[in-house]
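Undergrad: Here this note's numbering is used: the first residue of the sequence shown is 449, the next is one more, and so on.
It is possible that some hints are incorrect.
As the list claims (entries may be wrong) - Pairs of lysine-lysine residues, derived as DSBU-like cross-links and limited to a Cα-Cα distance of at most 35 angstroms, are as follows:
#1 708 - 587
#2 598 - 640
#3 691 - 587
#4 640 - 708
To be verified - DEER-style ranges, computed between Cβ atoms:
#5 581 - 742: 49 to 55 angstroms
#6 584 - 719: 42 to 48 angstroms
#7 588 - 753: 34 to 40 angstroms
#8 551 - 591: 37 to 43 angstroms
#9 724 - 595: 50 to 56 angstroms
#10 720 - 555: 53 to 59 angstroms
#11 640 - 660: 30 to 36 angstroms
#12 662 - 588: 35 to 41 angstroms
#13 748 - 721: 27 to 33 angstroms
Don't read these hints as lab results, they were simulated from the structure.
A virtual CB, placed ideally from N, CA and C, is assigned to each residue, including glycine.
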Amino acid sequence: MSWIRQSAHNSLYKAYERLLTREVKEGPMPRHVAIIQDGNRRYADKIGEPRFNGHIYGALTTEKVLTWCLDLEIRHITLYTFSTENCRRPNEELTALFALMQDRFDTLSREETIYKNQVRVRMIGERRLIPDNVLQSIKRVEDATSHFKKYSLNFAVAYGGRKEIVDVVQGIARLVEANSLSVDDINEQLLKQHFYDTNALEDVDLIIRSGGEERLSNFLPWQASGNECCSYFCAPYWPEFRKIDLLRAVRIFQEREQQKRISIVQRAFRFLNEVGKVEIGEVFRLSRRACEITYEEVTDILRENLPSFTPSND
Numbered sequence: 449m450s451w452i453r454q455s456a457h458n459s460l461y462k463a464y465e466r467l468l469t470r471e472v473k474e475g476p477m478p479r480h481v482a483i484i485q486d487g488n489r490r491y492a493d494k495i496g497e498p499r500f501n502g503h504i505y506g507a508l509t510t511e512k513v514l515t516w517c518l519d520l521e522i523r524h525i526t527l528y529t530f531s532t533e534n535c536r537r538p539n540e541e542l543t544a545l546f547a548l549m550q551d552r553f554d555t556l557s558r559e560e561t562i563y564k565n566q567v568r569v570r571m572i573g574e575r576r577l578i579p580d581n582v583l584q585s586i587k588r589v590e591d592a593t594s595h596f597k598k599y600s601l602n603f604a605v606a607y608g609g610r611k612e613i614v615d616v617v618q619g620i621a622r623l624v625e626a627n628s629l630s631v632d633d634i635n636e637q638l639l640k641q642h643f644y645d646t647n648a649l650e651d652v653d654l655i656i657r658s659g660g661e662e663r664l665s666n667f668l669p670w671q672a673s674g675n676e677c678c679s680y681f682c683a684p685y686w687p688e689f690r691k692i693d694l695l696r697a698v699r700i701f702q703e704r705e706q707q708k709r710i711s712i713v714q715r716a717f718r719f720l721n722e723v724g725k726v727e728i729g730e731v732f733r734l735s736r737r738a739c740e741i742t743y744e745e746v747t748d749i750l751r752e753n754l755p756s757f758t759p760s761n762d
C-alpha cells in the first residue's frame with residue numbers, strides 16, 4: 449500500500465506545483481535571483497553516502513533550477529558555487545571539487561538550453577585561486593555565450609563579498625595615489641565599475657539560501673544588502689531543493705513588493721492630502737517616481753486600503 453500513498457502524494461505535489469506556478473506567474477518577477485547552494489555535504493551524511501556525492505547531487509539540482517528560472521523568465525541568476533573560505537578545505541577534497549567544477553562547465557558549454565535561451569554565462573571571483581584547467585573550461589563557455597543578452601547566469605567561484613569590496617577600494621586608492629583620479633570623483637557608480645565583473649551583476653532582488661541556515665555568508669553584500677533585497681531561507685539541503693521551494697521564494701518576494709507598493713501609494717496620498725490636491729492622477733505620478741506601477745494599480749490600492757477615498761475626475 450505504500451506505493452499507493454506515494455503515488456497520491458506525488459499527484460498532490462504536482463497539483464500544488466501547477467497552482468503555485470500559475471499564481472506566481474501572475475505577479476511581478478524578480479529580475480535578479482542569487483542563490484546560496486548550501487547543504488550538499490550534510491545531505492550526503494543524511495543518506496549515508498560519501499560527502500563528495502553530495503556535491504554531485506547538488507550539481508544536478510543546479511541544472512534543474514536553471515530550467516525553472518528560465519521558465520519563470522528570471523533574467524539574472526547568480527549561484528554561490530565556491531567561496532574563498534572553501535579554498536581552505538583539504539587538498540584531496542579541493543582536487544575532487546575542481547574536477548567536478550571543470551566537468552560541469554564543460555557540460556554547460558555544450559548545453560542546448562544555454563544557446564536556445566541566449567544565456568550569457570560568467571564567473572565572478574578571484575581567478576588566481578582557480579586551477580588553470582578549470583579556468584580554461586570557464587573561459588570556453590564565457591566566450592561561447594559572450595554575445596547573448598537575454599539572460600545571464602553568473603557563477604560566484606572563489607568569491608568573497610568583503611574581499612571584493614577591499615579589492616575595489618585598493619584599486620581606487622591606487623588610482624588616486626597615481627593622480628589618475630580625484631577623491632571627489634569617487635561615487636557609487638565608480639565603485640561598481642571596479643567590481644570583479646563590471647557588467648555581470650545587477651542589484652539583487654531576491655536571495656535564496658537552502659540548508660536551514662539564516663545568514664548570507666559574505667555573498668554579494670553590495671548588490672544584495674545594499675539593495676535591501678528580499679531574503680528567503682528554507683530547510684531542504686541543496687540536493688533536495690524543489691521547484692516549489694523556488695516558487696515560494698518568488699511568492700515571498702511578490703508579497704514584499706506588493707506591501708512596498710501599497711506603502712508608497714499611501715504615503716503619496718497622505719502627502720497630497722496635506723497640500724490639498726488628492727487626485728488619482730497626482731497620486732499615480734508621485735508613486736511612479738518611487739516604483740514601477742500602473743494607473744490601474746494605484747486606483748485599486750486606494751480603493752482597497754483607503755475605502756473612504758472617493759476618486760475625483762482628473
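Undergrad: Work down the list of hints and note, for each, if the structure agrees.
TA: Results for each hint:
Restraint check for residue 708 and residue 587: the C-alpha separation of about 40 angstroms exceeds 35 angstroms, so the hint is violated. Distance check on the hinted pair: residue 598 and residue 640 sit about 21 angstroms apart at the alpha-carbon level, within 35 angstroms; holds. The hinted pair formed by residue 691 and residue 587 meets the criterion: a straight-line CA distance of about 30 angstroms does not exceed 35 angstroms. Between residue 640 and residue 708, the direct Cα distance comes to roughly 26 angstroms. Compliance with the 35 angstroms bound is thereby established for this hinted pair.
Taken as a hint, the range 49 to 55 angstroms holds for the pair residue 581 and residue 742, whose Cβ atoms sit roughly 51 angstroms apart. Under the hint 42 to 48 angstroms, the C-beta atoms of residue 584 and residue 719, about 57 angstroms apart, miss the expected range. At about 53 angstroms, the CB distance of residue 588 to residue 753 disagrees with the hint of 34 to 40 angstroms. A hinted range of 37 to 43 angstroms for the beta carbons of residue 551 and residue 591 is inconsistent with their spacing of about 18 angstroms.
One distance hint, 50 to 56 angstroms for the beta-carbon pair residue 724 and residue 595, holds here, with the actual separation near 55 angstroms. Roughly 56 angstroms separates the CB atoms of residue 720 and residue 555, a value that falls within the hinted 53 to 59 angstroms. A beta carbon spacing of about 33 angstroms between residue 640 and residue 660 agrees with the range 30 to 36 angstroms that was offered as a hint. The hinted range of 35 to 41 angstroms is satisfied by residue 662 and residue 588, whose Cβ atoms lie roughly 37 angstroms apart.
For the pair residue 748 and residue 721, the beta carbons lie near 19 angstroms from each other, so the given range of 27 to 33 angstroms is not met.
Hints 1, 6, 7, 8, 13, counting from the list given before, are not met by this structure.
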